[in-house]
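Asks: With chain A fixed as given, assemble chains B and C onto it according to the hints.
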Amino acid sequence: MRALNEIAVVTTICIKSIPQRFWTSLSTVVAVSLVVTVLLAFLAMAAGFQQTLRGTGAKDMAIMLRAGAQAELNSGIVRNQARLIEEAPGVLKGPDGKPLVSPELYVIVDGIKKSTLPADGDLKKAPRANVTLRGLGPAGIAVRPGLKIVEGRQFNPGTNELLVGRALQKDFVGFNLGDTVKLGNSSWVVVGVFELGGSVFESELWADTPVVQDLFHRQNVFQSIRARLTGPDALGALKDYVANDPQLKLDVTTEAEYYAQQASRTSDLIQKLGWPLAIAMAFGALAGALNTMYSSVAARAQEIATLRCIGFSGTSSFLGTLAESLVLSLAGGVVGALFTWVAFDGLTGSTLSGASFSQIVFTFHLTPAVALQGIVLALVVGFIGGVLPAWRAARIPIVEAYGTP
Amino acid sequence: MSDLYLLWRNLFRRKLRTFLMMLAIFVAFVIYGVLGSIHYAFQHGVDQAADNRLVVTNKITFIQPLPFAYVSKVAAVKGVKTVTYSSWFGGYYQDARNQIGTFAVDPESYMEVFRDTLRIDPAARDTFIHDRTTMLVGEAIATKYGWKPGDRIPINSNIFTNKADGSHTWELTVAGIAYPKTDSANTSFILFQHENFNESKTFGKDTVGWMTLETDSADLNDKVATAIDDMFANSTAETNTQSEKAFGKAFLAQLGNIALIITLVVGAAFATILMIVGNTMVMAVRERTKEIAVLKTLGFPSWRIWRQVLGESLLLSLLGGVPGLVLAGLLVTVLAKSASSAIPGLALTMPVMGLGLGFMVLLGLITGFLPAWTALRLNIVTALGRL
Amino acid sequence: MTGQTLIHLQDVSKRFVKGKDTITIFDHLGLTIPAGDFVAVMGPSGSGKTTLLNLLGGIDQPTEGAITFDGARVDTLTEGQLARWRAHNVGFIFQFYNLMPTLSAARNVELPLLLTAFGRSERKRRVEAALSLVGLAERANHYPREMSGGQQQRVAIARALISDPKLLLCDEPTGDLDRSTADEILAMLQLLNREMGKTIVMVTHDPEAAKYARRTLHLDKGRFTEREMVA
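Residue numbers (the working numbering), protein chains in the order written: chain A, 1 to 405; chain B, 1 to 387; chain C, 1 to 231.
Just so you know, not all the hints are guaranteed correct.
As the list claims (entries may be wrong) - In silico negatives: residues of chain B with every beta carbon more than 10 angstroms from chain A: (1) S2; (2) A76; (3) N98; (4) E139; (5) D165.
Stated by the list, open to error - Below, simulated SDA-like cross-link-like pairs (lysine to any residue); rule was C-alpha separation at most 25 angstroms, straight line: (6) A:K124 <-> B:I63; (7) B:K201 <-> A:Q81; (8) B:K249 <-> A:G174; (9) A:K16 <-> A:I375; (10) A:K124 <-> A:K170; (11) B:K144 <-> B:T127; (12) B:K163 <-> A:Q81; (13) B:K15 <-> A:W23; (14) A:K170 <-> B:K249; (15) A:K114 <-> B:K249; (16) A:K182 <-> B:T236; (17) B:K245 <-> A:N130; (18) C:K221 <-> B:G385; (19) A:K113 <-> A:T348; (20) A:K124 <-> A:V189; (21) C:K49 <-> B:G385; (22) C:K124 <-> B:L7; (23) B:K249 <-> A:T351; (24) C:K49 <-> C:T68; (25) A:K114 <-> B:G248; (26) A:K182 <-> B:S243; (27) C:K166 <-> C:L114; (28) A:K125 <-> B:K249; (29) C:K49 <-> C:W85; (30) B:K205 <-> A:G68; (31) A:K113 <-> A:L196; (32) A:K125 <-> B:V80; (33) B:K148 <-> B:A123.
No wet-lab data here; the hints were simulated from the structure.
Even glycine gets a Cβ: it sits at the ideal position worked out from N, Cα and C.
Only chain A is shown next, with the shape it has when bound in the complex:
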């Protein structure tokens, strides 16, 4: 009990003395908060990107691509293959008895990001960004149960009508309801805006497959087949069926897995950039913390020695100093996390996805788990920055209590 009291007393003295070294302490707090902000901004970007792609895949949806294609972009599937899949086992049937299979076409068109629009608004000068135009089969809507049309209506089959993803509409110029959009040689009318759980699909344009095939000269060619499964176990049956038919040289995975794999590459990259940067910067902040704490110990040397003189232990000086350092770094960590939250959380970014070769719009997302990583980094800086000065504090000779001129 006595030991605890001692520690409490010394800790209070240390922490109360922080305002005396206001600027030095502040510089440590700011330095730590900048480090945490840089780390969290990157991690929030990675988390947001991952969330967007993770949210895309359904576990009970199979996606089939040409064997070895890796991504929809590289794939090629012919009509006959699509027909064979409709008869495959494990595929769910709709209320009308038709199998929920959607052969889809994947065309890359271009659009203009609002963020890159020149100041004078001249669309001709604006750089173009890749956008996915997806042709949906007749069951294209039915295979995606989470779909919500938030504005307008579904496109009518056989017409040049477009459904626009919510994220794409927010990020790109000229996709409002009723707008006429020129894609390649053809004109399209935006008739609806959809949301689909914040997934990648919200960065896409959707239209009727035959029309897309026609206008982009891709008759009878698809890039992927999506099929709703009767259950998570049905994937095996479908895989066996495909493997046993020589006409079906297809790779079968669940959509969830397909997008998770795509997500991991980019978000890994972002994390791989964020951590080394933050750790390098943490060394800088550590230098600041050590400096602050050494000067704190020097400033309190007489005080500490006096306490030792009247019987306080070296341990309490050690822990008190360490506590001061941790308090400062914790403050820095919290400030950094709050700043990241205010400045970045909810911010949309978009990047070119390596696998789909088109823009994916995502939202920075500062999850509590991510924020915690930032705080932990701050505390590590505080701990290392406090231990050495605390060691010195614990070993201040008692004669210092008498002071020197």
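Replies: Relative to the frame of chain A, chains B and C by itself:
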């Protein structure tokens, strides 16, 4: 003894503190050096694109193909000097993750258009033009996989099927190596014959991915571009013709705002050291108030003391920053090898180093300004407590 | 062996403004110190001893009146001119020595020579001479923290002498030293006065120290109360 000696002694008065400051500055300049080099490589790669080279792509997007027939039509446009064309093959070696930028090209015209970018020895050149089953390998790829001229290498495609056996594999013989002629030239590629590709693929016959052309003069660029795009207007494949520079910029912009991210990170790193070092310098000079007063008493003019303090922060900045840039240079050299395809021409260049030195001087001046000013204004009578 | 006038204070007033109050330290003070004099200044705290030394040494300026040194006005000099003047004409010796902790004894002594045009070898010769004069030739490479108070004060004396000033100003030079060390230092000052003709003004609390001076001035509330007391 000189002023420099005094300055040096003062700087290392508290060795640990000075070392910590140097470490903080060091780290910031490592970050600056590496990120600055990456930014420069991206920017410079685009800037270095020849002024009189245009890229013709499908108007829908650059990954839609163009009919092969367009090549001769474009070549006939007035002001066009040479046209060449390429197609994306989606190539990889052994494992689908080992992607290689693989292009089917017309050897002769391709090597002509890129004569100032690539150095190819005459024998390799000759083999590549005349032997249909050969490929020209960029230096970076040849080094990575240890390929030598004469090696037969199976290259896979994640898009196309080889008509010969229904596989995705094309066996190609290394005709030679293409070496970079400029710092920023990317040599992470494989080139093979369009003719070979066109005849062996199962779909997309008689198309090309895009065309690259040289105009007689950069002044003609706009005219030529308009002439080409007008020619194919309202056809099944409309074209978009733009300068290689604009094309590169648009592609970079798709990745996101790299420049902004780099600026923010470097800015945060510099803000950190500015806080830490600035504060420490103030503290360090405050500790020496009495000594400065004594120096003034001895007859040292104020400006000389001002210069000393400023010199001290400047020296601190350089002692931390220069090694930081040196390490950044080493890191960039290592990184350049492993990231040669993502960021061609990555190196710590003179402009980046020069700007870095500028930042060091600026950092030294800013962190030294307040304490130097304090020292300049310091009143002997008050500082020595002689009232 | 005092001679012509070295320092002359004519009607010197010094006032400080502190908050709303104006504190008057000197009101029309006059003082003449001939060259070669050794003056001890005594007086209670707050009597103006230190301010007098500040004015004589040109680190502070009078509010009114004229100060002449060697026939030339110093109270009209600018800050920069004063610094140069101090470097050439005045040596300072402080109670707490005020040596640079980062410099060795020899470097401390050499410090004022940075303000001169002497070459490297001349500076070296002078430093050696000054250090042997104060009996510390052996300690040239020691740092202040490695020396006793008496030794540090001797280094400070060597530093004050190095640029060969006419005037030495000492502020409680023995205030931090024991009796016998103090006597050594005072004897050294006396020697400098007698043999080298240095004019010395020394502020002290210690009547024993004052005995080494040629005369003692008593300062109280900004006025000299006793004029002469020849040792």
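Asks: Next, verify each hint and record whether it holds.
Replies: Structure-based check of all given hints:
1. Every beta carbon of chain A lies more than 10 angstroms from that of B:S2, the smallest distance being close to 29 angstroms; the non-interface claim holds.
2. For B:A76, the shortest C-beta to C-beta distance to chain A comes to about 23 angstroms, beyond the 10 angstroms cut-off, and the non-interface label holds.
3. Every CB of chain A lies more than 10 angstroms from the CB of B:N98, the least distance being 12 angstroms, so the non-interface label holds.
4. At the 10 angstroms boundary, the C-beta of B:E139 stays outside the reach of chain A, the nearest C-beta of that chain being 24 angstroms off.
5. Distance check for B:D165 against chain A: the nearest CB is about 13 angstroms away, which clears 10 angstroms, and the non-interface claim stands.
6. Only pairs whose Cα atoms come within 25 angstroms are accepted, and A:K124 paired with B:I63 is accepted, the gap being roughly 20 angstroms.
7. Simply put, B:K201 and A:Q81 have alpha-carbon atoms about 20 angstroms apart, close enough for the 25 angstroms limit, and the pair holds.
8. At roughly 22 angstroms between alpha-carbon atoms, B:K249 and A:G174 fall within 25 angstroms of each other, so this suggested pair holds.
9. Between A:K16 and A:I375 the alpha-carbon distance is near 23 angstroms, which keeps this suggested pair within the 25 angstroms criterion.
10. About 20 angstroms separates the Cα atoms of A:K124 and A:K170, which keeps this hinted pair within 25 angstroms; it holds.
11. With a C-alpha separation of about 22 angstroms, the suggested pair B:K144 and B:T127 falls inside the 25 angstroms cut-off, and the hint holds.
12. Only pairs whose Cα atoms come within 25 angstroms are accepted, and B:K163 paired with A:Q81 is accepted, the gap being roughly 19 angstroms.
13. Restraint check for B:K15 and A:W23: the C-alpha separation of about 22 angstroms stays at or below 25 angstroms, so the hint holds.
14. At most 25 angstroms may separate the alpha-carbon atoms for a hinted pair to count; A:K170 and B:K249 meet this at roughly 23 angstroms.
15. A hinted pair counts as satisfied when its Cα atoms are at most 25 angstroms apart, and A:K114 with B:K249 qualifies at roughly 16 angstroms.
16. At most 25 angstroms may separate the alpha-carbon atoms for a hinted pair to count; A:K182 and B:T236 meet this at roughly 14 angstroms.
17. Distance restraint check for B:K245 and A:N130: the Cα-Cα separation of roughly 18 angstroms lies within the 25 angstroms cut-off, and the hinted pair is therefore satisfied.
18. Between C:K221 and B:G385 the alpha-carbon distance is near 19 angstroms, which keeps this suggested pair within the 25 angstroms criterion.
19. As the CA atoms of A:K113 and A:T348 are separated by approximately 12 angstroms, the hinted pair is consistent with the 25 angstroms bound.
20. For the suggested pair A:K124 and A:V189, the alpha carbons sit about 21 angstroms apart, so the restraint of at most 25 angstroms is met.
21. Distance restraint check for C:K49 and B:G385: the Cα-Cα separation of roughly 13 angstroms lies within the 25 angstroms cut-off, and the hinted pair is therefore satisfied.
22. Straight-line distance between C-alpha atoms of C:K124 and B:L7 comes to about 20 angstroms, which keeps the hinted pair within the 25 angstroms bound.
23. About 14 angstroms separates the Cα atoms of B:K249 and A:T351, which keeps this hinted pair within 25 angstroms; it holds.
24. Simply put, C:K49 and C:T68 have alpha-carbon atoms about 19 angstroms apart, close enough for the 25 angstroms limit, and the pair holds.
25. The hinted pair formed by A:K114 and B:G248 meets the criterion: a straight-line CA distance of about 19 angstroms does not exceed 25 angstroms.
26. About 23 angstroms separates the Cα atoms of A:K182 and B:S243, which keeps this hinted pair within 25 angstroms; it holds.
27. Using a Cα cut-off of 25 angstroms, the hinted pair C:K166 and C:L114 holds, with the two alpha carbons roughly 19 angstroms apart.
28. The suggested pairing of A:K125 with B:K249 holds, with an alpha-carbon distance near 12 angstroms, which does not exceed 25 angstroms.
29. Between C:K49 and C:W85 the alpha-carbon distance is near 22 angstroms, which keeps this suggested pair within the 25 angstroms criterion.
30. Under the criterion of a C-alpha separation no larger than 25 angstroms, the hint pairing B:K205 with A:G68 is consistent with the structure, at around 21 angstroms.
31. Only pairs whose Cα atoms come within 25 angstroms are accepted, and A:K113 paired with A:L196 is accepted, the gap being roughly 21 angstroms.
32. Proposed proximity of A:K125 and B:V80 is supported: the alpha carbons are some 23 angstroms apart, at most 25 angstroms.
33. Of the supplied pair hints, the one linking B:K148 and B:A123 holds, its CA atoms being roughly 14 angstroms apart against a limit of 25 angstroms.
In this structure, none of the earlier numbered hints is contradicted; all agree with it.
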